[in-house]
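Could you build the full structure based on these sequences and the hints that come with them?
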Amino acid sequence: MEKTREKMARMLDEGFVSGILGLRLSHGHPVPYLFTDSVSLKDWVVDETNRYPITKILIQIWKKHPNKVIGVVVRGCEGRSLIELFKNHQLHPEKVKGIGIVCNQELAKRCRCDRPYPSEVEEGELAKPVEDFSDLTEIESLPEEERFKYWIGKFGECIKCYGCRNVCPACFCTTCTLEDPSLIKPGGMPPEIPIFHLHKAFHMADRCIDCGLCEEACPMGIPVRKLYRKVRKSVKDLFHYTPGEDKDLKGPLEFLGDGSYELPGVGR
Amino acid sequence: MLPIRVMCSGRISPHFILKAFQEGADGVLIAGCHIGSCHYGKGNYITANRVAVMKDLLGFVGLSPQRIRLEWIATSESNKFANVISEFTKEITQLGPSPMRKVSWNRKAERVMEPLVLQP
Amino acid sequence: MLGNAMLSYETVLTTCTYCGCGCGLLLEVLDGEVVGTLPQKDHPINQGKLCIKGWSAHEFIHNQGRLKKPLLRKDGLHEETSWEEAFDRVASHLLKIKEERGPDSIAGLTSAKCSNEENYLFQKWMRAVVGTNNVDHCARL
Chain A
1 MEKTREKMAR MLDEGFVSGI LGLRLSHGHP VPYLFTDSVS LKDWVVDETN
51 RYPITKILIQ IWKKHPNKVI GVVVRGCEGR SLIELFKNHQ LHPEKVKGIG
101 IVCNQELAKR CRCDRPYPSE VEEGELAKPV EDFSDLTEIE SLPEEERFKY
151 WIGKFGECIK CYGCRNVCPA CFCTTCTLED PSLIKPGGMP PEIPIFHLHK
201 AFHMADRCID CGLCEEACPM GIPVRKLYRK VRKSVKDLFH YTPGEDKDLK
251 GPLEFLGDGS YELPGVGR
Chain B
1 MLPIRVMCSG RISPHFILKA FQEGADGVLI AGCHIGSCHY GKGNYITANR
51 VAVMKDLLGF VGLSPQRIRL EWIATSESNK FANVISEFTK EITQLGPSPM
101 RKVSWNRKAE RVMEPLVLQP
Chain C
1 MLGNAMLSYE TVLTTCTYCG CGCGLLLEVL DGEVVGTLPQ KDHPINQGKL
51 CIKGWSAHEF IHNQGRLKKP LLRKDGLHEE TSWEEAFDRV ASHLLKIKEE
101 RGPDSIAGLT SAKCSNEENY LFQKWMRAVV GTNNVDHCAR L
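Protein chains in written order, with my numbering: chain A, 1 to 268; chain B, 1 to 120; chain C, 1 to 141.
Keep in mind the hints are simulated off the structure, nothing from the lab.
Distance condition first, Cα-Cα at most 27 angstroms in a straight line; then the derived DSSO-like pairs of lysine-lysine:
no.: 1; chain 1: A; residue 1: Lys233; chain 2: B; residue 2: Lys19
no.: 2; chain 1: B; residue 1: Lys19; chain 2: A; residue 2: Lys149
no.: 3; chain 1: B; residue 1: Lys102; chain 2: A; residue 2: Lys149
no.: 4; chain 1: C; residue 1: Lys53; chain 2: A; residue 2: Lys154
no.: 5; chain 1: B; residue 1: Lys55; chain 2: A; residue 2: Lys154
no.: 6; chain 1: A; residue 1: Lys236; chain 2: B; residue 2: Lys42
no.: 7; chain 1: A; residue 1: Lys226; chain 2: B; residue 2: Lys19
no.: 8; chain 1: A; residue 1: Lys64; chain 2: C; residue 2: Lys53
This is the structure in structure tokens:
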């Protein structure tokens, strides 16, 4: 960590960035903080068990100070979210400086991450990507009726806390579909099942970066990440598009209209 | 069968399809202009992409992906329109009513928690 | 250095005021103003999860509808007064009621939108100074 800390201190001292967003130890707990001078960097920590939606916080800060250049400490998934946010014009690539850190192999396995390292890192060993779709094949092996019963049972526990949406780094819409009164009844419990979760799942088809924060934020333990991984896999198999990989390629569900994502057999 | 007219198949948001299933529809048929002859340019390309992803998603959740169908029907092909509709209706009758109808929370008349009304 | 506005962002550890669970929250403070809430991931009670009330726990802090001055009813209308006049009025009336009808004829109601420390102070004051157990909270805390 020391090389990264030195690099961050140099960036702050030379005025390259106005501040760096990372985790700081406060009363023994790692919490997000914006470091504005190199002296405070001695409290900077990297925590493997507690992950926060740091790129979402960055959007909030940058919207208020659009002229400042802000650095941010990113892992693999957060680096992908930066690329997605650049594509959607929520952040400007020249006003954000990413500082890469690695995830260890245990975290990569827990997250089933297929790219547990950002595009550039200062130090550390890159973990090996984990290709594990056993959570999806488990559900797909069930017959249709049982699958439906399983999902309705899980969705029925939802308390409409909007945690999955609030913590998601890819969710930045100012008017959310889940709060649209013509689609979802405002107030009232339980939410409309299953479309409450399927609405967001469809949005995640070309935006989800597979960070896993949504499932960690659900108080009822609904396996929403499986839904998002499934649509992500569908988009990858059908259109060969993975969100967060290429910063110039737009997704297939955005209105391109130039036939660049034409499916075979569509024009029959 | 409830026909809903839109100006272009590209107007059909995936959220409309989901809402139709929530309200109890057994199947959704989307009929658009042929590829290359969309009145607005290229709206039907995006519809094709959306329906492809939606089928996978619904299949994963347990609603048969055969309940959504996308067809390219030009304005003059009235025979094809009639045939597609009768075919689709037959398919849906075979598949049976939508499993959403069996979910007790989804009945519009019933709400699990009624609002408390205080008598004066 | 770059730009002229002060830039500062920090998150403050605190506990949710709404119900008796006591979930750990982080209040996001951007340039001295509370703008959002995040769950505290390593808290033993909620482990990084929050209910809808917890997610909106920051909204009442800077709300425009909050009173800034005490209001006293004069001739049927609420008028702004000073803190001294309000304290004098409340103290004298409560003392009179306590002497005439006993301490148990006074009850206190607090709110989930006060901090936990303010609620503790209130119930301590009711019990020690006024001398009654009749104190309650909107979430029955």
